[in-house]
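Visitor: If you want the building blocks of each chain, they are given just below.
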Amino acid sequence: MPVIQMQGIVKRFASLTANNHINFDLEQGEIHALLGENGAGKTTLMRILYGLYHADEGQILVNNHPVTIRSPHDAIQNGIGMVTQHFTLVPTLTVAENLTLGQAGSFILNPLEIQRQVEKDSQRLGIPVKPAALVRHLSVGEQQRVEVLKALSRNARVLILDEPTAVLVPQEVEILFDALQRLRQEGLSVIFISHKLPEVMTICDRITVLRDGALVGTVAKSATTATELARMMVGRENFGVARQSERQPAGPLLQVEALQAQGSKGLPALRGVGFMVEAGEILGIAGVSGNGQTELGRVLAGMLRPSGGHIRVDDKNLTGAGPAELAQAGVGCILEDRHASLVDDMTVAENLVLDQLDGFSRGGMLNRARILENARKWIAEYQIKASPNDPIRQLSGGNMQKVILARNLSRTPKVVIAAQPTRGLDVGATDYVRSKLLEQRARGAAVLLISEDLDEIMALADRIAVIYEGSLMGILPAQAATVETLGLMMTGKTLESIRPTPEADHA
Amino acid sequence: MLKFKIERAPAPAWMRAIIPLLAVPVTFLLTTLFLLWADANPLQAYYHFLIAPLSSRVSAIEVLVKATPLLLTGAAVAFAFSAGYWNIGAEGQLYAGAMAGAWLGMILKGVSPLLGIPLMLLGGFTAGMLWALIPALLKVRLKVDEVVTTLLLNSVIVFLISFFLNGPWRDPISMWPQSPEIDPGTIFFKLIPRSRLHFGFIVAVAVLALEWLVLKRTAFGMRMRAVGLGKEAARFAGIKVNRTMLTAALVSGGIAGLAGVGEVAGIHFHLIESISDGLGYSGIIIATLGGLNPIGVGLAALFIGLIDTGAQTVSRAMNVPVYLGTVVQATLLLVTLGLFVLQNYRIKRG
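Note that the protein sequences, when read in sequence, are chains C and G. Residues are numbered in our numbering as their position in the first sequence, beginning at 1, plus a constant of 20. Residues are numbered in our numbering as their position in the second sequence, beginning at 1, plus a constant of 1.
Honestly, the hints are just simulated from the structure, not real lab data. Certain hints may be false.
Computed list of lysine-lysine pairs in BS3-like fashion (alpha-carbon distance at most 27 angstroms, straight line) [said to hold, decoys possible]: (1) 397/C x 217/G; (2) 232/G x 405/C; (3) 150/C x 140/C; (4) 405/C x 217/G; (5) 144/G x 285/C; (6) 241/G x 336/C; (7) 285/C x 241/G; (8) 232/G x 285/C; (9) 513/C x 285/C; (10) 434/C x 241/G; (11) 232/G x 144/G; (12) 434/C x 456/C; (13) 144/G x 241/G; (14) 217/G x 232/G; (15) 405/C x 336/C; (16) 150/C x 285/C; (17) 456/C x 397/C; (18) 110/G x 191/G; (19) 336/C x 434/C; (20) 241/C x 513/C; (21) 397/C x 434/C; (22) 191/G x 217/G.
Isolated chain C (complex conformation) (with noise of 0.2 angstroms):
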C-alpha cells in the first residue's frame, strides 16, 4: 500500500517549470532514490511535499487520502519528516537539548529524563548519537544523524534525505545505511534524494528518474542497471552527435599529471589526474555532478591550491600559479559559478576590463574613453543584450556567460578551460556558447570542456575522459565512445576494465 502518492505535480518559477507533471508513490518499508542531475527538480518535488513550496498543481495523498500540506508543520502531522542539506542544529546546545527543541512537554525541563528519553529512541532506532554532547563539537556525520533523529522524534513514518551523503566521509556513510536499513525493517518508508548511481544501487529499493523538470520513470533496483539509470539520467539513447573533423596531432598545450586537491570540506576531491590537451582539440570531461569536476575547474583557473601533482602550459609549470599568472600564461578559464566570475554590482565595461586594467590606464589613471570604446565592440560581437553602463546584475545567465567569453576569449588564449559553461542557460545562449568553444578549437587553442551533460560532451569533445570520485577512469576518443561504455565509467568502472585490450588510445 502506497503511503504517499503525489499526482500530477507542476511548479512554476517564473519562466522555469521545476516539476512538470510529475507522479511519484512510496510505499510502506521501501527505501526509494529520487534520481537526478542537478537542476532536475528533485528537491522542489520533496520541498512541495513537506510543505516548504506549494505546487501549482497536483495532489498528495497520505495513506490515500487527500491531504493539504502549506507548512512543514502540516507534512510533520501527516508522519512526514525532512532532513535538508543544511541542518538546523544550534551548535551550543546538546544534542539532547536539539533534540527537545520545538516539541511541546513541560515548562521544566529535566535534563536527565530528556537524555534519558534521546537514549532511548537513538536505540529503538538504531541511529548512534551522543545525546549529552554539544552539537559544535560533532562531526557532520554525527549532525546529520540528530537531524534523522529530530526529523523521526515526531513520530514520523516518512523519511526524506536531501542528498545524505554529499557530506559525508565512507565511514560515516556506512553507518548512516545501516541505520537507513533498520529504519526499513521497522516499517518506515525513506525518500533518497541522490545523483550519485553506485549508492542509489547500494541502498534503495526502488529508483523514480527526473530530467530536466520531468518524469523519466520509475523502476526496481532489481530490474535495472547502473548504466542504465545514468542514461535515463543524462539523457536519449541516441546522441546527438556532431562528429568533428579529423586533426591532426599539433603536440601538447596542456598537461596535467597527478593532481590533487582538496574540496571544500577539507575531503580529498582529486585524487591523482592526469591528462594532456593538444592544441586543436576538446578533451571532454564527463562524469555525474560532485566527483570533483569542481575542484578540477578551479585548480585550473587558478582559484584552488593543488595539494599534489604538476600543471604545465605550453611546457611553462603553473602548478600552483593565481589567476593572473594563468592569465599572462595564456590560460583563459569560464569557471563553473558565473557570479563568482563576474562583479555583479560593477557594470558590463568595467567587468570587461577588470582582469587588464593596466592596458586601459596611463598612470594608474584610467581611461574611460577605451573602457566605453572595448565595452561597445565586444557587446557588438558577442551579441550581448546589454548597454556598456548597465551592472551586471540585471543581466540574463546567458548574457553573463558571454560578458566572461569575452572577456576571456578576447586575449585568444593558448588554452581554454570552459567548466559547465553552459548551465542555465536557454538554447539559444547554450548554442552560442558551444559555437564559440569550437571556434576555440578551430583557431588552435586547447580546449578542456569539464560538463555533466553528456550530449553536449559527445557533440563537442574529440576526446572523452570520465571522472569519479576524483580520478579519471580513462580516456577515449570521441568515436569510440557508447552511452554504454560512458555509463560505465560514470559508476566507477575503469575503461581496461570494460575492455581488456584498449583501442588505439593517444592519450
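Given the coordinates of chain C, assemble chain G onto it according to the supplied hints.
Guide: Frame of chain C; chain G shown alone:
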C-alpha cells in the same frame, strides 16, 4: 480583504538626496512629546535645531568647524568600506594621529609653519596608518575578523593616551591631564579671522576630492571596488585581493589620523583624553549615509555637523537639558538610516 505585499526594488538616485529632508518631519513627530514634556515649543525647538545654526555667519562657520573632523573620519571609513574592509577603528586611528600631532608639537620647537604644518600632516597620517596596520595584517595573514580587532584597539589607545597624559607628557602647568601646548609653528592657521575654522577644513575637502578621484577614476580604485563588491570575482580577474585590502586599510587609517592632527593643531592645541568623543564612530554613520561615495560623504558630514551644532543651540536657547538635543539628534539619525533601508522596498497590492 485587501492584501498587500512588500517587494524589493532599487530606489531612484534622487531619493537618496531628499531622504534627510524627509527624515526631519518624521523625527519631528517622534520627538514632539519629549519636547512638550520639557516645556519647550516643538516648532521653536526645530527652528533652533536646523535653521538657527545657518542663520548667522558665526554659527554657520561653526557648522563647518564641527564638520571638519567628520569629513575626514567619514572619508576614512568610506575608503576602507569600499574595499570590503570593515574598519570600525577610525576612532582609535584618529587618536593615534592626535598623539603624533601632540608629540610633533612638543619636539618641533620654533619650527617654521612652512615645515611644521606639512610635518604635522605627514606625522598624523603615518600614525593613523601604523595603528591600522596591526588589525589589517591580522586580517590578510590570519583571517582575523577586522571588525573585532579594529573596534577593540579603540579602547586600547584611549588608555595609552591616558598613560601619556598622566605621565611623561603631562603639562606641569595645567591641573588637567593634558599635554603641553604645541609649538606655534605647528598650529594650523585660521581660514577666517576670529573664528575656529582652520586649515584642516581645506585638508578635509582636498582628501575627499582626492578620494573621489582615486575611487572613480583610477585603476587602483576600480580594483578596490571590485574587491569590495565581489572578492571571488576580483580574485578570478587576477586582482591581488589581500594587498588591495591592506592598502585600503592603511590609507583609511591615515585619513583618520589626519582628523586627529586637525583637532590638536586647529582646535585644542594640546592633547586631551576626550579629544574625539566618538568622531570615528560618527564616521561610520557618515560613510553609510553617504553611500560610500565621497560626494555623499561630504554632504552627510555637513548634515551631521549641522545637527551637532543645532543640538547645542537648542539647549542654550531654550533652556532645556542638553541631553534633549542629543535625543533629537539620535532620533534624526536613526530615522534617516531607517529611511535609507526602507527606500528599497515597495508596498504593492497583492
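Visitor: Let me make sure I understand: some of the numbered hints might not hold for this structure. Which ones are they, in numerical order?
Guide: 15, 22
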